[in-house]
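K.L.:
Sequence:
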Amino acid sequence: MHPFRDQSNSPSISRVFKGLSISQNKTPGSAGRLHRQAQTSNTTFGLNNTRRGLLEKKPTKREITPTRNSSVFRGGDRFHPTRMSEDFLDEANHLFTNNKEDELNNSKSAPVSPSKVTDDPNLPKTKSTSNLMRSDAKADEKIFCYKPNQAPVSRTGQINQARVLYTVHTLNPSSSVKKTYRYINTEVAKTLDAPQLNPDVYMQLLDWSATGILAVALDKNIYIWDQFTGESELLVGHEDEEDHRPMTEVITALRWSLDGRVLAVGHFDGTLKIFDPNKRNAQGVCKELRKMIVPNVSRLGALVWRREGVVSAGYMGGQIVHFDVAKPNPVIGTWLTNGHRRDITGMDWDPRFKKLATSSGDWTVNVWDEQQIRIDNPTPLYTLTDHTSQVRCVKWCPFKTEVLASGGGKQDGTVKLWSIQDGGKCIKSVAINSGVSSIVFNSPYKEMLVSTDEGYMKLYSYGTFKEQANIAAHPTYQILRMVESGCGEFVFTSSSDEMLKMWHLFKVDKSLDKLNERRKNPYSTALR
Numbered sequence: 001m002h003p004f005r006d007q008s009n010s011p012s013i014s015r016v017f018k019g020l021s022i023s024q025n026k027t028p029g030s031a032g033r034l035h036r037q038a039q040t041s042n043t044t045f046g047l048n049n050t051r052r053g054l055l056e057k058k059p060t061k062r063e064i065t066p067t068r069n070s071s072v073f074r075g076g077d078r079f080h081p082t083r084m085s086e087d088f089l090d091e092a093n094h095l096f097t098n099n100k101e102d103e104l105n106n107s108k109s110a111p112v113s114p115s116k117v118t119d120d121p122n123l124p125k126t127k128s129t130s131n132l133m134r135s136d137a138k139a140d141e142k143i144f145c146y147k148p149n150q151a152p153v154s155r156t157g158q159i160n161q162a163r164v165l166y167t168v169h170t171l172n173p174s175s176s177v178k179k180t181y182r183y184i185n186t187e188v189a190k191t192l193d194a195p196q197l198n199p200d201v202y203m204q205l206l207d208w209s210a211t212g213i214l215a216v217a218l219d220k221n222i223y224i225w226d227q228f229t230g231e232s233e234l235l236v237g238h239e240d241e242e243d244h245r246p247m248t249e250v251i252t253a254l255r256w257s258l259d260g261r262v263l264a265v266g267h268f269d270g271t272l273k274i275f276d277p278n279k280r281n282a283q284g285v286c287k288e289l290r291k292m293i294v295p296n297v298s299r300l301g302a303l304v305w306r307r308e309g310v311v312s313a314g315y316m317g318g319q320i321v322h323f324d325v326a327k328p329n330p331v332i333g334t335w336l337t338n339g340h341r342r343d344i345t346g347m348d349w350d351p352r353f354k355k356l357a358t359s360s361g362d363w364t365v366n367v368w369d370e371q372q373i374r375i376d377n378p379t380p381l382y383t384l385t386d387h388t389s390q391v392r393c394v395k396w397c398p399f400k401t402e403v404l405a406s407g408g409g410k411q412d413g414t415v416k417l418w419s420i421q422d423g424g425k426c427i428k429s430v431a432i433n434s435g436v437s438s439i440v441f442n443s444p445y446k447e448m449l450v451s452t453d454e455g456y457m458k459l460y461s462y463g464t465f466k467e468q469a470n471i472a473a474h475p476t477y478q479i480l481r482m483v484e485s486g487c488g489e490f491v492f493t494s495s496s497d498e499m500l501k502m503w504h505l506f507k508v509d510k511s512l513d514k515l516n517e518r519r520k521n522p523y524s525t526a527l528r
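Numbering (UniProt numbering), first residue to last: 1 to 528.
Hints were generated in silico from the structure; no laboratory data involved.
Being a predicted model, the structure only gives us computed values, none of them experimental.
A hint or two may mislead.
What the hints assert, rightly or not - Under the rule of at most 30 Å between Cα atoms (straight-line distance), these lysine-lysine pairs were calculated in the DSSO-like manner:
id: 1; residue 1: Lys354; residue 2: Lys220
id: 2; residue 1: Lys291; residue 2: Lys273
id: 3; residue 1: Lys287; residue 2: Lys273
id: 4; residue 1: Lys400; residue 2: Lys327
id: 5; residue 1: Lys279; residue 2: Lys400
id: 6; residue 1: Lys428; residue 2: Lys400
id: 7; residue 1: Lys400; residue 2: Lys446
Throw the hints in and build the complete structure from the sequences for me.
P.N.:
Dropping the structure here:
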């Protein structure tokens, strides 16, 4: 079986990221003005029908006179509409063509169709609306539009055009609009084969770069997958069936740099290597830039990058070492005591790179100051001890920068949120009822996603922490790691079933300003 083989039938992910084009069907207009008005009154063209608004096109000559083979018009090549006894359509046509704004229906939310002006008590009385105009309407437009800069704000999901159009029975007053809930897509977007994936939850064998390159470690090899082209390749190692490399070459952790240009790789013997995917030798093998060895350590299980090329490594014995990969002597700080006593399971810098959080198998979470990374054996700012078993992961909240989340093991079964601003106080404990392997926060939706030992992903709204979804990602198998894409819309999960799955859980409205802010991220450059 070829490693990293695509198991899904879904199209290339480049199509998913570029979006689907929306086609608009043309409506025949064979009976002139009155027939098109009849069609407009019987058709709903609201915001539910299109994401970009609807601009009616001028009918072509072919559409004006349909053929005899048309399934709509039978018994001749002309369609004669049925006139109502009250001549309502004639009256409506008269109001349209004579531009009588004072006879239009008045509504605070949206214009509606003109009503007949008469003394008949059975028909509604209407008043004029000042924000409608008819004078600049073209001959082929059979619908009213708002004056410039007077249209109401578009609903979420609709992109503002130069002119926003409305028709009959499409909009309700704002007071009657019901609250809507977003759709959570629980279908798998992509599935990849990952044979020989180590089923150790204390290893970080999966990471997704800011440039869209997914890296996964399979025993002693590293494979990468490009989310835009859907292509995968071997980056480090070789695919020989009989691999005689020693056990010390087994990969136990990997992490992309913030700009996605280099990859840090940890090994079973504690060795740290730096690779550049853009630099290859004559055989196409990725070039090793640095190799750093620290004495008296074993199994490097966690990695995290900071700005200015500084990477921190956590080891099985609880040691933490900081490296500046650009310096000849890369070790700039060692935390061998006064910290953790067992495996380092997770490491994460806060969004401002001021504080570093670390989790460990000794049931504790430590918070360190940025200035301590160049000091040997400092004392952490805070030591958080509310968990009742090993702590598997830590994650800072991007939209609540002083809030830290930590996930406990199977015996603990909780996600705890800490307020560092209040001295490390536990402000919330969310019962997961399973071991937690990873935590992901999503800023646009203000949600928290948790992966569990039972193979589920649980989605919670931040604040209330009400469960929004419980997704069976890898049923009966343990989720080992969950990582977020650079754009923030996708997540990838790895599991002990030797499968990788991609999920489109956070589809962002393209009209939101927050998406543009994310695109201005200085680390969103592409691989060259």
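K.L.:
Taking the hints in turn, state whether each one holds.
P.N.:
Hints versus structure:
1. Between Lys354 and Lys220 the alpha-carbon distance is near 34 Å, which puts this suggested pair outside the 30 Å criterion.
2. For the suggested pair Lys291 and Lys273, the alpha carbons sit about 5 Å apart, so the restraint of at most 30 Å is met.
3. For the given pair, Lys287 sits about 10 Å from Lys273 by alpha-carbon distance, which is consistent with the 30 Å threshold.
4. Pair hint Lys400 plus Lys327 does not hold up; C-alpha atoms about 34 Å apart against a cutoff of 30 Å.
5. Distance hint between Lys279 and Lys400 is unfulfilled; the C-alpha atoms sit about 39 Å from each other, more than 30 Å.
6. For the suggested pair Lys428 and Lys400, the alpha carbons sit about 14 Å apart, so the restraint of at most 30 Å is met.
7. Proposed proximity of Lys400 and Lys446 is supported: the alpha carbons are some 10 Å apart, at most 30 Å.
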